[in-house]
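Peer 1: Residue numbers (numbering that gives the first Met the number 0), protein chains in the order written: chain A, 0 to 206; chain B, 0 to 215; chain C, 0 to 187.
Treat each hint with caution, since some may be false.
Computed footprint of chain B on chain A, listed as stretches where at least three residues anywhere in the stretch have a Cβ under 8 angstroms from a Cβ of chain B [what the hints assert, rightly or not]: (1) 17-31; (2) 103-109; (3) 116-125; (4) 140-150; (5) 155-167; (6) 185-192.
Just so you know, these hints were derived from the structure itself, not from any lab.
From a predicted model like this one, the values you see are computed outputs, not experimental measurements.
From the three backbone atoms N, C-alpha and C, an ideal C-beta is built for every residue, glycine too.
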Amino acid sequence: MELERDETIERVAQTLAVLPPRDAQAVSRVMTAVHAHQAQRPSRLTLVMEWMRQPSFSVASAGALAAAALVLGFFSRGAFGNAGSDQSARSTLEGQPTGEFPIPAGVVLPASNSHEVRALPVSLVFDARNAKSVVVVGDFNGWDDSKTPMVRYGKDGPWTATVLAKPGRHVYAFLVDGTTLVADPRAPRTKDLDYGGDASVLMVTPP
Amino acid sequence: MNFIRSCATVAALVVAVASTASAQQDARLTLIRDDATREVVRQQLGGALSRGVPVEPMMAKALEGVAKRASTKSIRAAMARLEENWHRAAKALAPNPTDDELGAGADALQQNVPESALRSLRKLAPGRSIALEIGVLTQLVARNVEPGQASKMVLELMARKATGTQLTALSSAVQEDVEAGLAPAMALDLRGRGIMSLLPPPSAVSTLNPRSTPRP
Amino acid sequence: MTEIDPSVPIRAQRGDEQAFLEIVEFYYPRCLRFARNMMGNEQDAEEAVQDSFVRVHDSFPRFREEARFDPWLFRILANRCRTLLARAKRHRELIEYGEVPLAIASAASPIELEEEFGTDWAEEVRIGLETLPAEQREAFLLRHVEDLSYEDIAVITGAGLSALRMRVKRACDTLRIRLTEVERRNGT
Chain A
0 MELERDETIE
10 RVAQTLAVLP
20 PRDAQAVSRV
30 MTAVHAHQAQ
40 RPSRLTLVME
50 WMRQPSFSVA
60 SAGALAAAAL
70 VLGFFSRGAF
80 GNAGSDQSAR
90 STLEGQPTGE
100 FPIPAGVVLP
110 ASNSHEVRAL
120 PVSLVFDARN
130 AKSVVVVGDF
140 NGWDDSKTPM
150 VRYGKDGPWT
160 ATVLAKPGRH
170 VYAFLVDGTT
180 LVADPRAPRT
190 KDLDYGGDAS
200 VLMVTPP
Chain B
0 MNFIRSCATV
10 AALVVAVAST
20 ASAQQDARLT
30 LIRDDATREV
40 VRQQLGGALS
50 RGVPVEPMMA
60 KALEGVAKRA
70 STKSIRAAMA
80 RLEENWHRAA
90 KALAPNPTDD
100 ELGAGADALQ
110 QNVPESALRS
120 LRKLAPGRSI
130 ALEIGVLTQL
140 VARNVEPGQA
150 SKMVLELMAR
160 KATGTQLTAL
170 SSAVQEDVEA
180 GLAPAMALDL
190 RGRGIMSLLP
200 PPSAVSTLNP
210 RSTPRP
Chain C
0 MTEIDPSVPI
10 RAQRGDEQAF
20 LEIVEFYYPR
30 CLRFARNMMG
40 NEQDAEEAVQ
50 DSFVRVHDSF
60 PRFREEARFD
70 PWLFRILANR
80 CRTLLARAKR
90 HRELIEYGEV
100 PLAIASAASP
110 IELEEEFGTD
120 WAEEVRIGLE
130 TLPAEQREAF
140 LLRHVEDLSY
150 EDIAVITGAG
160 LSALRMRVKR
170 ACDTLRIRLT
180 EVERRNGT
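In isolation and in its complexed conformation, chain A is listed as follows (with noise of 0.2 angstroms):
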């Protein structure tokens, strides 16, 4: 222990060491973005293209790029054994019959062991400091106004509630004081096709 480390430097230390919980959803989507930058580096086709919108560009150099682009796309389509790195990556569908939707053939996903799929506890977070009242109504509780009040956390605080949702898409709104029905700030939005105007998506993840 060192000198500088006494009772309220440890204190301190432990309200700060408090881990978060693993976050599969954060993990992928680090994963992801991780990912996209690797595809956003410029590539062979993207350098081909600045060099197009410069200037100097003429039909004769396009040629030239043509005859340079087929050799590319040659070399590149591993018709000399050296196939892209990015294989796995490129779509299986590729080449096969448009219109219908193909699937590859064989593949069968496997059944799952459970016949129920199981809501699950999703927290709601909606900042609405004047508010008397704020009422969740979507999908996951049939727009009944009555099912899920949210609850102030602290004297001031946000309003929140927790529902249960099961995997998949849903659509929400806060309805606040009775009378306005607000859309989620903190999520994305859809335009409801029916009734007009926009509505928060909530995305579930099986766990």
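On the provided structure of chain A, position chains B and C as indicated by the hints.
Peer 2: Just chains B and C, lined up with the frame of chain A:
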């Protein structure tokens, strides 16, 4: 034999009449204060139930309209559309769709996801719920990704056994990209490839014990 | 502090994507903790962590197999936090509006902490931390929360050992003055 058949028919009729009656007496109808709207909703519920659509989603659609202060005419039209989409989804997701899948399927069709995409999803996963996958597809289309491109991507990811988390991450990433100004088609391609590069190519071998009629 | 099996970063460096995924899964909570404590803002913290992993992935060719992974990762993360903090300073008015209080955004249990240390404790710690100059906060967190040695912290921050000891000592002094008062009020 004829006697048994008659009994069965009578029993089915009793169940249908009883449930229609219960739909018409649903306590939630009292949440609709306007008399004319309540009557229209009552009729729509009864009719839909007799044609095999459950009360819950129909009632939810009606209450959603009430919450949004929609006119009686709009609520009637929305309920009728839901009923029609429910039947179309039932056909596309045959043979044994769950109510969750049918609800998701009806939403998907409402957003212009093609029926053929629902059929392909079912063909790929006949033995488990695909409500989540349908939801992801619907949300992509709602974010202006072209329905054909979105369907192909979701099918491709499913065939490579992408997890539910990966699929919802795709949906949110595309959402964020589109909001940040990226073209929907490019956002989906970019994010889809990102996830795909983590997954093995689809195996041509059928997996263990696929059931064609899984649910009771 | 537990470190990841040293073979995992080596596999990741050689292009094994599964190993990279293991790294993200293993370090995400710890990285997010550091970034949250550094930035005091959930959204920026998540951005810093995500950006850091993107950079880690990009920089793997430069990772030396004999080097330890933790200091290398934290150097990238601390750098990223510093950059985002500078940006946040420029846009403070935007950040202060409509933020979810960390107590709610965090799935950790602030309520339990409050029960143990009194109602305002966690909030006072957060404010105390925010008042520290960024380099003192960084050194304090790496030493006393992330439990890293001064030698590792020197690798991470690029600062000399005696300067680091001084930063940590000053941070402790400031926090102690502020929080002893809170303890006295709470009767802890």
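Peer 1: All the hints need checking, so say for each whether the structure fits it.
Peer 2: Consistency of the hints with the structure:
Check result for the region 17-31 of chain A against chain B: holds, 6 residues qualifying (beta carbon to beta carbon below 8 angstroms, three or more required). Requiring three or more residues with a Cβ within less than 8 angstroms of a Cβ of chain B, the coverage given for the region 103-109 of chain A holds, as 7 such residues are present. Judged by the Cβ-Cβ criterion of 8 angstroms, the region 116-125 of chain A is not covered by chain B as claimed, because only 1 of its residues qualify and three are needed. With a threshold of 8 angstroms between beta carbons, the proposed coverage of the region 140-150 of chain A by chain B holds, since 5 of its residues qualify and at least three are required.
Under a criterion of three residues with beta carbons nearer than 8 angstroms to beta carbons of chain B, the stated coverage of the region 155-167 of chain A is upheld, 3 such residues being counted. Counting residues of the region 185-192 of chain A whose CB lies closer than 8 angstroms to any CB of chain B gives 5, which reaches the minimum of 3, so the coverage claim holds.
Violated hint for the displayed structure: number 3, the only one.
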